[in-house]
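> The residues making up each chain are set out below.
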Amino acid sequence: MWIDPSRPAERALVTHGHADHARSDHGAVWATPETLAIMALRYGTEMGTPIAYGDGFEANGVKISFHPAGHVLGSAQILLEHAGERVVVTGDYKRRFDPTCAPFEAVACDVLITEATFGLPVFTHPPIEDEIAKLLAAREANADGCIVVGAYALGKAQRIIAELRRAGFDAPIYIHGAMQKMCDLYAAHNVPLGELILATGLAKAEMKGAIVVAPPSAMHDRWAQRLPYPITAMASGWMRVRQRARQRNVELPLVISDHADWTELTDTLLELRPAETWITHGRTDALGRWCELHQLKARALDLVGREEEDES
Amino acid sequence: MHAFAALIDGLIYTRSRDHKVKLIADYLRTTPDADRGWALAALAGTLSISTVKAAAIRAMAEERFDPMLFRMSRDYVGDTAETVALMWPDVSQDVVAPTASEVIDMLSGTSRARAPAVLAELMDRLDANGRYALLKLATGGMRVGISARLAKTAFGQAFGLSVDDVEEVWHALRPPYAELFAWGEGKSERPDPADSAFFRPFMLAHPLEDGNVNLDDFVAEWKWDGIRIQIASTGGETRLFSRGGDEVTGAFPEIAAAFNGIGVVDGELLVRGDVQGGEAASFNALQQRLGRKNVTAAMQAEYPVFVRLYDILFDGTEDVRALPWTMRRNRLEMFVAKLDAVRFDLSVIIQARDFDHLAEMRAAARAVAIEGVMLKRRESPYLAGRKVGLWYKWKREPLVADCVMMYAQRGSGKRSSFYSDYTFGCWTPDGALLPVGKAYSGFSDEELKWLDRFVRNNTVARFGPVREVEKSLVLEVAFDAVHESKRHKSGIAMRFPRISRLRRDKPADEADTIAALRAMIG
Chain A
14 MWIDPSRPAE
24 RALVTHGHAD
34 HARSDHGAVW
44 ATPETLAIMA
54 LRYGTEMGTP
64 IAYGDGFEAN
74 GVKISFHPAG
84 HVLGSAQILL
94 EHAGERVVVT
104 GDYKRRFDPT
114 CAPFEAVACD
124 VLITEATFGL
134 PVFTHPPIED
144 EIAKLLAARE
154 ANADGCIVVG
164 AYALGKAQRI
174 IAELRRAGFD
184 APIYIHGAMQ
194 KMCDLYAAHN
204 VPLGELILAT
214 GLAKAEMKGA
224 IVVAPPSAMH
234 DRWAQRLPYP
244 ITAMASGWMR
254 VRQRARQRNV
264 ELPLVISDHA
274 DWTELTDTLL
284 ELRPAETWIT
294 HGRTDALGRW
304 CELHQLKARA
314 LDLVGREEED
324 ES
Chain B
338 MHAFAALIDG
348 LIYTRSRDHK
358 VKLIADYLRT
368 TPDADRGWAL
378 AALAGTLSIS
388 TVKAAAIRAM
398 AEERFDPMLF
408 RMSRDYVGDT
418 AETVALMWPD
428 VSQDVVAPTA
438 SEVIDMLSGT
448 SRARAPAVLA
458 ELMDRLDANG
468 RYALLKLATG
478 GMRVGISARL
488 AKTAFGQAFG
498 LSVDDVEEVW
508 HALRPPYAEL
518 FAWGEGKSER
528 PDPADSAFFR
538 PFMLAHPLED
548 GNVNLDDFVA
558 EWKWDGIRIQ
568 IASTGGETRL
578 FSRGGDEVTG
588 AFPEIAAAFN
598 GIGVVDGELL
608 VRGDVQGGEA
618 ASFNALQQRL
628 GRKNVTAAMQ
638 AEYPVFVRLY
648 DILFDGTEDV
658 RALPWTMRRN
668 RLEMFVAKLD
678 AVRFDLSVII
688 QARDFDHLAE
698 MRAAARAVAI
708 EGVMLKRRES
718 PYLAGRKVGL
728 WYKWKREPLV
738 ADCVMMYAQR
748 GSGKRSSFYS
758 DYTFGCWTPD
768 GALLPVGKAY
778 SGFSDEELKW
788 LDRFVRNNTV
798 ARFGPVREVE
808 KSLVLEVAFD
818 AVHESKRHKS
828 GIAMRFPRIS
838 RLRRDKPADE
848 ADTIAALRAM
858 IG
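From first to last, the protein sequence lines stand for chains A and B.
Per my numbering, the first sequence runs over residues 14 to 325.
Per my numbering, the second sequence runs over residues 338 to 859.
Since the hints were made in silico from the structure, they are not lab data.
Careful, some of the hints might be misleading.
What the hints assert, rightly or not - Pairwise CB distance ranges, derived in the manner of DEER restraints: (1) B/Asp-501 / A/Lys-147: 32 to 40 Å; (2) B/Pro-544 / A/Leu-149: 43 to 51 Å; (3) B/Leu-720 / A/His-233: 36 to 44 Å; (4) B/Val-432 / A/Glu-219: 42 to 50 Å; (5) B/Lys-390 / A/Lys-194: 54 to 62 Å; (6) B/Asp-461 / A/Glu-153: 28 to 36 Å; (7) B/Asp-431 / A/Arg-179: 22 to 30 Å.
To be verified - Lysine to aspartate or glutamate pairs mimicking EDC-like chemistry, simulated, CA-CA at most 20 Å apart: (8) B/Lys-724 / B/Asp-547; (9) B/Lys-359 / A/Asp-157; (10) B/Lys-730 / B/Asp-691; (11) B/Lys-524 / B/Asp-372; (12) B/Lys-359 / A/Glu-153; (13) B/Lys-730 / B/Asp-547; (14) B/Lys-359 / A/Glu-264; (15) A/Lys-147 / B/Asp-346; (16) B/Lys-730 / B/Asp-849; (17) B/Lys-524 / B/Asp-502; (18) B/Lys-732 / B/Asp-691; (19) A/Lys-147 / B/Asp-739; (20) A/Lys-310 / B/Asp-403; (21) B/Lys-786 / A/Asp-234; (22) B/Lys-359 / B/Glu-522; (23) B/Lys-808 / B/Asp-849; (24) B/Lys-724 / B/Asp-739; (25) B/Lys-786 / B/Asp-767; (26) B/Lys-843 / B/Asp-739; (27) B/Lys-730 / B/Asp-464; (28) A/Lys-221 / A/Glu-208.
Claimed, not checked - Computed footprint of chain B on chain A, listed as stretches where at least three residues anywhere in the stretch have a Cβ under 8 Å from a Cβ of chain B: (29) 92 to 104; (30) 300 to 311.
Ideal Cβ positions, reconstructed from N, Cα and C, are used throughout, including at glycine.
I would like the entire structure built from these sequences, with the hints used as guidance.
Dropping the structure here:
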């Protein structure tokens, strides 16, 4: 039995629906109902066994249960219990409030297998309210044009929209065609996103003052050239580093991430104090060094098939 | 500091030159005096806080952070100031952020020993963007793609003045430029430029892509492989300016001191003698000096510089720019005759029978430290910028060699976090690879992504920030010349190498040999 296998496996436990964790063509799949719905949407007819948060099952004498990770809709940590030993695989996670998914649950364990996407002390994600305010201010200042926000189609896009609504922005929000089905899926799972309009085939005049959410790959595409005076925004934790934003021709960087930042990663380790920590994809060396400084036993785990740029 | 920090960030994320100018102009119009003056100085590179050096920032960082975590972060971010600004812990909201003037006052009023503590205290009063702007302000290296000339252009735009008007009074004024702003806002008279030498825009050349020119209409000169420089002197003072109009007098004080003419001349800064493989081989040394505000006597002695003059803009106080090139040339020859021959000479005219003969001479010129040929219309006046049909540069074809990538390092600036600096080698007779050069340009953004991935997936060893890679990738490297070098184990070094093509199709053992490269030494 594998967790988030990068190749088709006979039996797979899947933490969440992002493509580098949920691959197609597995035999049997166990995941949360939301994750299964996302996989079905992406890969067609894939079936699996739904496991609700807090629930689990037993296989080969190991008790397996799923717990909220706070990363995207349906994202889960997986707890493995055997002979009194508890191992938690965090998958991707964050600790901050997110209106689109269940909040992270701290699960006591002996071994923690943690992600480290933003495992460098330079990564501190600012409060999302500040970043949304920046986006709204840029919209005000660019009345003749529009703002295109690059955001990953699963999770980030819906979170931005939900946060805009939470900030009181109730005008229609325009979305790229590639996002519509996922937004519908979120709405069907009780994540209200307000009025969304497909940003295709509309007159430029109609789009004045619009906020358009699109996958990063569409930002510098011909699709974007039909928009009136677009300002290119990008919602990503990488935007914290100026040159990274510049490399991607971003004019309005929004530091918004669905991953734990350095403080969340280290605070979680201090809170759980596992006997041992295995660090998977991301900046394994820096988080490992931090563990050493705090007398926590840790080792890096090299995984294949994980995108280093998880959000790109 | 908030407004200044916002300006810096705006400049970083703005690509268009016009938009940058507008951002600066808006800031200069709406910010109070002193603050805006210091900001203008920071952008124009005239701000110098002697108490804070880059080393002080590293020292401050190493005191606060684990050195290893700092190094890993620095390696990823690619910029020390930004790394420190991002790692620094946030402080409570209710502290009052310092103004730009307060920052300058506090830092200039302290000692070098106390400076890190003062800087740390200021850091504690700012958010991440403010801390970044503070460190950039304190060290003077803004790196926001703004030249002094552009800063002056923005000042002009803010107050409805031409950049040449600003240029004329600029050197008579000092930061924080209160008189300049008063003049801009119409509150006082134009400042007295006094006895001030100032910059006039260079005349530039178009590349001669194909076809030819008639040598009856055009004169040919060598294109010297140095640094373009303008010397302006009123007799009372002499200033040197680089291509972009930035002052570089401090980097080449021996040139300014030796210049005893009155007027404005245009030429190429070169190194005399056979230092490290000849004149052009010391181009890198010149480049390094260019970036400095002051140089040591040792640097001056190591690379004796001189200026090869090729045009004259002002003869005495007479503006001769409207005269045709032939008449300016006569003036220039008389002008140079009166200068110190150790530091100044005259760019020779190439005596070619016709264009084909010139082409032959150009092809043969590789041995000499020459970049190619300049073609100037005999009737051309000296005009600012690049005008069609007047001046052409006709560069030599580069040499190329197939080399194998050996090591890679992360770049900085635009390439931060990408493995973008490559060391490559060629084969010895006994089948070993020896490094022959290092390049970090010539590839497209797409190719860079591919190369970065290649390095990550083919790393065989790590030495600090350097990754050694599987010796499997052939890079076609273009370069201007190759010369003997004692510094490299291979005994040779390339001049201005850049990656011209990725030869993914070519097996590494078919790359060039050291012997083949050595045969290209002119």
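> Each of the hints needs a verdict: does it hold here or not?
Against the structure, the hints:
1. Taking the beta carbon of each, B/Asp-501 and A/Lys-147 are about 38 Å apart, inside 32 to 40 Å as hinted.
2. A hinted range of 43 to 51 Å holds for the C-beta pair B/Pro-544 and A/Leu-149, which are about 47 Å apart.
3. The supplied range of 36 to 44 Å is met by B/Leu-720 and A/His-233, whose beta-carbon atoms lie about 37 Å from each other.
4. Take B/Val-432 and A/Glu-219: their Cβ atoms lie about 46 Å apart, and the range 42 to 50 Å holds.
5. Distance hint for B/Lys-390 and A/Lys-194: a CB-CB separation of about 56 Å, consistent with the stated range 54 to 62 Å.
6. B/Asp-461 and A/Glu-153 have their C-beta atoms about 32 Å apart, which keeps the hinted 28 to 36 Å range intact.
7. The supplied range of 22 to 30 Å is met by B/Asp-431 and A/Arg-179, whose beta-carbon atoms lie about 26 Å from each other.
8. This hinted pair checks out: B/Lys-724 and B/Asp-547 have alpha carbons roughly 17 Å apart, not beyond 20 Å.
9. With a C-alpha separation of about 18 Å, the suggested pair B/Lys-359 and A/Asp-157 falls inside the 20 Å cut-off, and the hint holds.
10. For the hint linking B/Lys-730 to B/Asp-691, the alpha-carbon distance of about 17 Å falls within 20 Å, and the restraint holds.
11. Straight-line distance between C-alpha atoms of B/Lys-524 and B/Asp-372 comes to about 18 Å, which keeps the hinted pair within the 20 Å bound.
12. For a cut-off of 20 Å, the pair hint linking B/Lys-359 to A/Glu-153 stands: about 19 Å separates their Cα positions.
13. Using a Cα cut-off of 20 Å, the hinted pair B/Lys-730 and B/Asp-547 holds, with the two alpha carbons roughly 11 Å apart.
14. Straight-line distance between C-alpha atoms of B/Lys-359 and A/Glu-264 comes to about 15 Å, which keeps the hinted pair within the 20 Å bound.
15. Using a Cα cut-off of 20 Å, the hinted pair A/Lys-147 and B/Asp-346 holds, with the two alpha carbons roughly 13 Å apart.
16. A threshold of 20 Å between alpha carbons decides the hint, and for B/Lys-730 with B/Asp-849 the separation of about 31 Å lies outside it, so the pair is violated.
17. This hinted pair checks out: B/Lys-524 and B/Asp-502 have alpha carbons roughly 17 Å apart, not beyond 20 Å.
18. This hinted pair checks out: B/Lys-732 and B/Asp-691 have alpha carbons roughly 18 Å apart, not beyond 20 Å.
19. Distance restraint check for A/Lys-147 and B/Asp-739: the Cα-Cα separation of roughly 49 Å exceeds the 20 Å cut-off, and the hinted pair is therefore not satisfied.
20. This hinted pair checks out: A/Lys-310 and B/Asp-403 have alpha carbons roughly 18 Å apart, not beyond 20 Å.
21. Restraint check for B/Lys-786 and A/Asp-234: satisfied, since their Cα atoms lie roughly 18 Å apart, inside the 20 Å limit.
22. For the hint pairing B/Lys-359 with B/Glu-522, the CA-to-CA distance comes to about 17 Å; that is within 20 Å, so the pair holds.
23. Distance check on the hinted pair: B/Lys-808 and B/Asp-849 sit about 14 Å apart at the alpha-carbon level, within 20 Å; holds.
24. Distance hint between B/Lys-724 and B/Asp-739 is unfulfilled; the C-alpha atoms sit about 38 Å from each other, more than 20 Å.
25. A distance of roughly 34 Å separates the Cα atoms of B/Lys-786 and B/Asp-767; the hinted pair therefore is violated under the 20 Å criterion.
26. Between B/Lys-843 and B/Asp-739 the alpha-carbon distance is near 9 Å, which keeps this suggested pair within the 20 Å criterion.
27. Restraint check for B/Lys-730 and B/Asp-464: not satisfied, since their Cα atoms lie roughly 49 Å apart, outside the 20 Å limit.
28. Between A/Lys-221 and A/Glu-208 the CA atoms are separated by roughly 17 Å; this keeps the pair inside 20 Å, and the hint holds.
29. Closer than 8 Å: that is the beta-carbon criterion, and the segment 92 to 104 of chain A has 0 residues meeting it against chain B, so the requirement of 3 is violated.
30. Counting residues of the segment 300 to 311 of chain A whose CB falls under 8 Å from any CB of chain B gives 3; the rule of at least 3 is met.
In summary, the numbered hints that this structure violates are 16, 19, 24, 25, 27, 29.
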